[in-house]
Amino acid sequence: MIIVFLLILRMMPSTHACLQTIPSTTPSPTGCCGEVIYLPTPRPNLPDGQYVPVYSGTPGCNTGVAITCSSFDTTLDLRAGIFGNQIYYLNGDVDTVTVEFTCQNGEWIYTDQGQSIAIDTVECVLTNLATEP
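Under mature numbering (1 follows the signal peptide of the UniProt record, and there is no 0), residues -17 to -1, 1 to 116 are what the sequence shown spells out, in order.
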């Protein structure tokens, strides 16, 4: 009986199939942003300040950034200011100012008093206290 069963199995046609393999990729998280684009100021009456971004998150996935703009010489009492997208004056203060952006759906977002704007570029400018930007 066992011999008959083995004979039947041996005589049955076999089917061969290939399974498609899909290469694994790491999905790009939507909560990650690249570095903020810093632009030297195009304003002839406002020189560039010292720009320092400090990113939070993991390597390759920035989720937040604190941008500090400061004067190179604090004895001059210059006002440091940060512009976004070349048109929005985000904040300013004597000698040093810091603004924070969060990454939402791959875009840098600045929020102040409940109002949010997407930020593409940043400028760090200096001015004397008599002339507000």
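By construction, these hints were calculated from the structure, which means they are not laboratory data.
Some clues are possibly wrong.
[As the list claims (entries may be wrong)] Restraint-style ranges between C-beta atoms, simulated for each label pair:
1) Q96 - P42: 31 to 39 Å
2) D56 - N88: 33 to 41 Å
3) T41 - Q69: 25 to 33 Å
4) G43 - E83: 33 to 41 Å
5) D60 - G40: 31 to 39 Å
6) T81 - L59: 16 to 24 Å
7) A101 - D56: 17 to 25 Å
8) S99 - T58: 34 to 42 Å
9) I20 - S99: 13 to 21 Å
10) G89 - Y21: 12 to 20 Å
11) T94 - L59: 15 to 23 Å
Glycine included, every Cβ here is placed at the ideal spot set by N, Cα and C.
That 16 to 24 Å hint for T81 and L59 (C-beta), does it hold up?
holds (19 Å)
Is 12 to 20 Å respected by the C-beta to C-beta distance linking G89 and Y21?
holds (19 Å)
The hint says 17 to 25 Å between A101 and D56; measuring C-beta to C-beta, is that right?
With a Cβ separation near 34 Å, A101 and D56 fall outside 17 to 25 Å, so the hint is violated.
Against the range 25 to 33 Å, how does the distance between the Cβ atoms of T41 and Q69 compare: consistent or not?
Check passed, 30 Å falls within 25 to 33 Å.
May I ask you to test the hint 33 to 41 Å on the CB atoms belonging to G43 and E83?
Once the Cβ atoms are compared, 20 Å apart, the range 33 to 41 Å for E83 and G43 is violated.
Cβ distance range 34 to 42 Å for S99 and T58, holds or violated
Distance hint for S99, T58 holds at roughly 36 Å.
Is it true that the C-beta distance of Q96 to P42 lies inside 31 to 39 Å, as the hint says?
Taking Cβ atoms as reference, Q96 and P42 lie about 33 Å apart, which means the hint holds.
Between D60 and G40, is the Cβ distance one that fits in 31 to 39 Å?
Between D60 and G40, where Cβ atoms are some 35 Å apart, the hint holds.
Holds or violated: 13 to 21 Å for the Cβ distance of I20 and S99?
holds (18 Å)
Taking the CB of D56 and the CB of N88, does the distance hold inside 33 to 41 Å?
Check passed, 40 Å falls within 33 to 41 Å.
Against the range 15 to 23 Å, how does the distance between the Cβ atoms of T94 and L59 compare: consistent or not?
Given about 31 Å between the Cβ atoms, the range is violated.
Checked against the numbered hints given earlier, this structure breaks hints 4, 7 and 11; the rest are met.
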